[in-house]
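Undergrad: Full structure from sequences and hints, please.
Keeping their order, the protein sequence lines are chains A and B.
Counting in numbering that gives the first Met the number 0, the first sequence runs from 0 upward without gaps.
Counting in numbering that gives the first Met the number 0, the second sequence runs from 0 upward without gaps.
Where hints are given, some of them may not hold.
Unchecked claim - Label pairs and their calculated CB-CB ranges:
{"hint": "1", "chain 1": "B", "residue 1": "THR37", "chain 2": "A", "residue 2": "GLU305", "range": "45 to 55 Å"}
{"hint": "2", "chain 1": "B", "residue 1": "LYS85", "chain 2": "A", "residue 2": "VAL263", "range": "33 to 43 Å"}
{"hint": "3", "chain 1": "B", "residue 1": "ASP271", "chain 2": "A", "residue 2": "MET154", "range": "50 to 60 Å"}
{"hint": "4", "chain 1": "A", "residue 1": "PRO128", "chain 2": "B", "residue 2": "ALA308", "range": "30 to 40 Å"}
{"hint": "5", "chain 1": "B", "residue 1": "GLU287", "chain 2": "A", "residue 2": "LYS23", "range": "38 to 48 Å"}
{"hint": "6", "chain 1": "A", "residue 1": "ARG90", "chain 2": "B", "residue 2": "THR37", "range": "37 to 47 Å"}
In short, the hints are calculated from the structure, not lab data.
Bear in mind that the values here come from a model prediction, so they are computed numbers and not experimental data.
Cβ coordinates follow ideal geometry from the N, Cα and C atoms, glycine included.
2 protein chains.
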Amino acid sequence: MNQHSFKELLSLFEEKFNIPHFPKQPETLYNASQYLLTLGGKRIRPVICLMAYELVGHINADALEVASAIELFHNFTLIHDDIMDKAPLRRGQPTVHVKYGESTALLAGDVMLVAAYDCLRKTGIQFLPQVLEIFNKTAMQVCEGQQIDMDLARMDPSTEKNENVYFDQYVNMIELKTSVLLAASMQLGLLLGGASLGNQQHAYQFGRNLGIAFQVQDDYLDAFGDPEKFGKKPGGDIIANKKTFLLIQAMNVCSPSQLEELQVLLKGNSDDKVERVLKIYEACKVKEWAKELKANYMSKAMAHLEDIAVLSARKKPLEELAHYLLDREM
Amino acid sequence: MNQHSFKELLSLFEEKFNIPHFPKQPETLYNASQYLLTLGGKRIRPVICLMAYELVGHINADALEVASAIELFHNFTLIHDDIMDKAPLRRGQPTVHVKYGESTALLAGDVMLVAAYDCLRKTGIQFLPQVLEIFNKTAMQVCEGQQIDMDLARMDPSTEKNENVYFDQYVNMIELKTSVLLAASMQLGLLLGGASLGNQQHAYQFGRNLGIAFQVQDDYLDAFGDPEKFGKKPGGDIIANKKTFLLIQAMNVCSPSQLEELQVLLKGNSDDKVERVLKIYEACKVKEWAKELKANYMSKAMAHLEDIAVLSARKKPLEELAHYLLDREM
Numbered sequence: 000m001n002q003h004s005f006k007e008l009l010s011l012f013e014e015k016f017n018i019p020h021f022p023k024q025p026e027t028l029y030n031a032s033q034y035l036l037t038l039g040g041k042r043i044r045p046v047i048c049l050m051a052y053e054l055v056g057h058i059n060a061d062a063l064e065v066a067s068a069i070e071l072f073h074n075f076t077l078i079h080d081d082i083m084d085k086a087p088l089r090r091g092q093p094t095v096h097v098k099y100g101e102s103t104a105l106l107a108g109d110v111m112l113v114a115a116y117d118c119l120r121k122t123g124i125q126f127l128p129q130v131l132e133i134f135n136k137t138a139m140q141v142c143e144g145q146q147i148d149m150d151l152a153r154m155d156p157s158t159e160k161n162e163n164v165y166f167d168q169y170v171n172m173i174e175l176k177t178s179v180l181l182a183a184s185m186q187l188g189l190l191l192g193g194a195s196l197g198n199q200q201h202a203y204q205f206g207r208n209l210g211i212a213f214q215v216q217d218d219y220l221d222a223f224g225d226p227e228k229f230g231k232k233p234g235g236d237i238i239a240n241k242k243t244f245l246l247i248q249a250m251n252v253c254s255p256s257q258l259e260e261l262q263v264l265l266k267g268n269s270d271d272k273v274e275r276v277l278k279i280y281e282a283c284k285v286k287e288w289a290k291e292l293k294a295n296y297m298s299k300a301m302a303h304l305e306d307i308a309v310l311s312a313r314k315k316p317l318e319e320l321a322h323y324l325l326d327r328e329m
Numbered sequence: 000m001n002q003h004s005f006k007e008l009l010s011l012f013e014e015k016f017n018i019p020h021f022p023k024q025p026e027t028l029y030n031a032s033q034y035l036l037t038l039g040g041k042r043i044r045p046v047i048c049l050m051a052y053e054l055v056g057h058i059n060a061d062a063l064e065v066a067s068a069i070e071l072f073h074n075f076t077l078i079h080d081d082i083m084d085k086a087p088l089r090r091g092q093p094t095v096h097v098k099y100g101e102s103t104a105l106l107a108g109d110v111m112l113v114a115a116y117d118c119l120r121k122t123g124i125q126f127l128p129q130v131l132e133i134f135n136k137t138a139m140q141v142c143e144g145q146q147i148d149m150d151l152a153r154m155d156p157s158t159e160k161n162e163n164v165y166f167d168q169y170v171n172m173i174e175l176k177t178s179v180l181l182a183a184s185m186q187l188g189l190l191l192g193g194a195s196l197g198n199q200q201h202a203y204q205f206g207r208n209l210g211i212a213f214q215v216q217d218d219y220l221d222a223f224g225d226p227e228k229f230g231k232k233p234g235g236d237i238i239a240n241k242k243t244f245l246l247i248q249a250m251n252v253c254s255p256s257q258l259e260e261l262q263v264l265l266k267g268n269s270d271d272k273v274e275r276v277l278k279i280y281e282a283c284k285v286k287e288w289a290k291e292l293k294a295n296y297m298s299k300a301m302a303h304l305e306d307i308a309v310l311s312a313r314k315k316p317l318e319e320l321a322h323y324l325l326d327r328e329m
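TA: Rendered as C-alpha cells:
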C-alpha cells in the first residue's frame, strides 16, 4: 500500500475540488461563493483528512467527498467570520463581503455550508450517520468558538478577577474555533478507513493538540518571527490589540507597573508600541514560555499519533506535516 | 389507520419541537437561536410534512425528525433574511439581530441550520441519502430565491423592456423563496412513508402550486383585505413599495398615463398613496386578475393532490388545509 506525500495528496485533492461546486445561476450569488474558493488556501484540513485515511486505506471517492466537505465548511466559516470581523482582506484579496456586499456574502456562506453537506451525502451509507454526527458536532463547536471569541474581545483580561480563568477561556476558544476542525478531519479520515473508535479518538486528540500548538506558533511568529522569513513586519497582533497567548501570559505574570504600562500602550497607538510591548514580553520571559507551551501541546499530539495502532512507518507523512507546521518560520 | 387533524398534528409536533434544540452554553449564542423558536409561528411546513406522511403511514420518529428539520431550516432563513432586509420585527417581536446584534444573529442562524441537519441525521438509514438530496437541493433554491429577491428589488419593472420577463422572474423568485420548501415538505413526507417516486412528485407539485397560490393570496389580502378581518390596515405593501403580484400586473396592463402616475406615487409617500394606487388597481382589474391567478394555481395543486395514488378519503385533511390557507381573510 503506497502512501502519498502532502504535495501529492494536495494535487489529488485540488483536482477534484477545483470542479465548480455551484450551479451557474443566479450568478449574483454563486460567483461570490466560487470567488473565495478560487483564491486558494493551504488546504491543510482536507489533506490531513486524506493523510489520516491513508493510515489505513487507499484513497477513494468517499475520502475525497469528506475532504471536500471539510474544506467547504472551512471556507463557509471564513466568509461569515470576515463579515463579523469586518475584515477587508482574505488571502491577500478583498473579502467576499467587500467585493459582493454583506447580504450576498451572508448567502454565499450559507450555500457553501449546504454544499458541504451535499458532499457528505455522497459518502458510503455505512458511514453516513457517523460522519454526520461528527461533522455536526464540530460545526456547532466552531460556531461556538467564534461567539466566545467575540465575547472575549469585549472582556478586559487585566481586570478579570482571576487571570487563569481568562487563560483557560482563551484556550477553550482556540480549541473550538480552530482545533476541533483539524481534530475532526483526522477522525473522519480514520472512520472512513474503517478504524476502531479507540484509534479514531487518538487521531482526534492528535489533531486537537496539533491545532492548539499551531495557534501558539501563529501568535509567536507574529511577535518574534524573523521579518525576512516571516514575510511581514512582526507586531501586527500587537498593533491590532489582538488577544494572543503571549499577551494573556504577559498580563498574567507581569508586575503591577508593567501591567499599567501595558494598559497604557494598548489604549494608544504610539510609534514605539510594538517595541515597548515586546520589551515587556522579554522581561516576562513570554518567548520561552510560548516555546514550552507549544512543545507541550506538540508532544501530547505526538503521543496520540504514536498510540494509533498502525505501523509506525505509515505515520511518517503525518509526523513530517506536524513538524513542518510547527517548526515553520513563516 | 387513523388520521389526525391539523390541530392534532400541530400539538404532536410542538410536543417534540419544544424540547430545546441547543446546548445551554455559550448562552450568548444559543439564547439568540432559542429566542426565535419560542416566538412561535404557524408551523405550516412541518405539519404539512406530517400530513403528507399520514397519507401512507403512521407518524413515527423519522417523520417528526424531518418535520423538525424543516421548521429549523425555515427559522434559519428567517434569521438571515431579517438581517439582510434590516427588518425590525418578526412575529410581533424584535428580530434576532435587533435583540442580540448582527454578528450573533448570523451565528444563531448558522447553528440553526446545523441543528436542522442534526435532525435529518436521525432519520432511518434507508431514507437518509434521499432525504439529504431533497433537503440540500431545496436549501440551495431557497437561498437562490432570497438572492433573486434582492436582485429584483434593484430593478425597476416599469423600465424593463419586456414586462412579461419581469413577471416570470417574479414567479420564479416566489417559487424558490417560498414554494419549494412547502413542496419538499410534502415530498419528504411521502418519501418517508415509502411512497413511489411518481407519487412523491405529485406531492411536490401540490406543495409548489399551493405555495404560489398562497403568495398571491398574501399580496391580495394586503391590498384588498377587510381591515376588520385582516387585523391591520391594508396597503402595507403599497406604502413599502414592495413588488407584489398586483403591482407587477398593474404595470403590465395599465395605460401610459396610469404608469406615469404609478411611478410618481411610488417615488413619494403622499397621504393618499394607498388610495390612489388602489384606484389604479381597480381600473386595471387587478383584483379580478389576482383571484383568477390564485384559482389557477390552486386548481393545479388540487389536480396533483388528486393524482396521488391513495384513497381520496385520506386526502381530506390536506384538502381542508389548502382551502383554509387559500380562503383565509387574514
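Undergrad: Indicate, hint by hint, whether the structure satisfies it.
TA: Structure-based check of each hint:
no.	hint	in the structure
1	THR37/B / GLU305/A: 45 to 55 Å	holds, 49 Å
2	LYS85/B / VAL263/A: 33 to 43 Å	holds, 39 Å
3	ASP271/B / MET154/A: 50 to 60 Å	holds, 54 Å
4	PRO128/A / ALA308/B: 30 to 40 Å	holds, 31 Å
5	GLU287/B / LYS23/A: 38 to 48 Å	holds, 39 Å
6	ARG90/A / THR37/B: 37 to 47 Å	holds, 40 Å
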